[in-house]
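Chains as they are written, first to last, in the working numbering: chain A, 1 to 111; chain B, 1001 to 1113.
Bear in mind the hints are in silico, worked out from the structure with no lab data behind them. A portion of the hints provided could be inaccurate.
What the hints assert, rightly or not - Below, simulated SDA-like cross-link-like pairs (lysine to any residue); rule was C-alpha separation at most 20 Å, straight line:
1) B:1013 / B:1077
2) A:56 / B:1100
3) A:56 / B:1044
4) A:70 / A:50
5) A:26 / B:1058
6) A:69 / A:5
7) A:56 / B:1059
8) A:70 / A:3
9) A:26 / B:1059
10) A:26 / B:1044
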Amino acid sequence: SQQGEEDPQALSIQEGENATMNCSYKTSINNLQWYRQNSGRGLVHLILIRSNEREKHSGRLRVTLDTSKKSSSLLITASRAADTASYFCAPANFGNEKLTFGTGTRLTIIP
Amino acid sequence: ETGVTQSPTHLIKTRGQQVTLRCSSQSGHNTVSWYQQALGQGPQFIFQYYREEENGRGNFPPRFSGLQFPNYSSELNVNALELDDSALYLCASRSGSTGRRYTFGSGTRLTVV
Chain A
1 SQQGEEDPQA LSIQEGENAT MNCSYKTSIN NLQWYRQNSG RGLVHLILIR
51 SNEREKHSGR LRVTLDTSKK SSSLLITASR AADTASYFCA PANFGNEKLT
101 FGTGTRLTII P
Chain B
1001 ETGVTQSPTH LIKTRGQQVT LRCSSQSGHN TVSWYQQALG QGPQFIFQYY
1051 REEENGRGNF PPRFSGLQFP NYSSELNVNA LELDDSALYL CASRSGSTGR
1101 RYTFGSGTRL TVV
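Chain B with its partners taken away, still in its complex shape:
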């Protein structure tokens, strides 16, 4: 069961293009994080948003950017796609009432060719 929905589920883009991935969190989940998971690896933290402001960022270049909206949805934008950007992208969110427990979406599988 999940209250976090990601779209699309799969996507194929060409190197150099731009992509926008979307996440719809549960009502009240004012913290959202995005992760990149390459095949056979653990999820790597990209960035986190709290109440529409970025409040943490991992070791990813500026061409990875995000937005969080008042309706608990968020976006991950990646510019100038590279082949190594091919991965599963996961969105995770939580509210203050869930403590530190995050709810993850099922992810978007991005393939860059």
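Chain A with its partners taken away, still in its complex shape:
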């Protein structure tokens, strides 16, 4: 089944800096979603990008999608302490929309 792999596994940056994390996948997709998980809690949907889109913005978030390279990136600008969390990508196949997750990127924002 389709699964995204996030990179890096862990990332620590100073508050105010930008954070970039990447996602790779193996087969053609219909869409790709990014989710955030605060420690021990449920996942929160951040953004969905469709296979015919190359870039999407939502507040301080920017997501890109390169279907030729089978990769996506999530950029968080002007990071805040509240952005400390794990971030997961979930690529979805045509006709099989269940979410499958990798191990995520653990982002730590240092005040």
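Position chain B against the provided structure of chain A, taking the given hints into account.
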């Protein structure tokens, strides 16, 4: 904010016992999925229900079973608990109008001793 409620929040069971975890989804969310998340890992897909029928299953043994009810609630049942079943169990649901975006509950932390 979440429209998906899971109960209980924490649970301790003994190896070999059976457990039922519950999820209450938002009205209209006719698709519900269950995930198992071990410590330090990503959520692993257990199964999905659409309009009370199972329509997808991950790599989990038959002792993991589920039900979805007409009132948008659902259950995850695990029989013959093993120590490795200790994990955070997450429920996620969506409706056709939300597209492919799922809303997750806060999870049930199950500890098997």
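Taking the hints in turn, this is what the structure says about them:
no. : hint            : verdict
1   : B:1013 / B:1077 : holds (13 Å)
2   : A:56 / B:1100   : holds (16 Å)
3   : A:56 / B:1044   : violated (27 Å)
4   : A:70 / A:50     : holds (13 Å)
5   : A:26 / B:1058   : holds (18 Å)
6   : A:69 / A:5      : holds (13 Å)
7   : A:56 / B:1059   : violated (33 Å)
8   : A:70 / A:3      : holds (11 Å)
9   : A:26 / B:1059   : holds (19 Å)
10  : A:26 / B:1044   : holds (18 Å)
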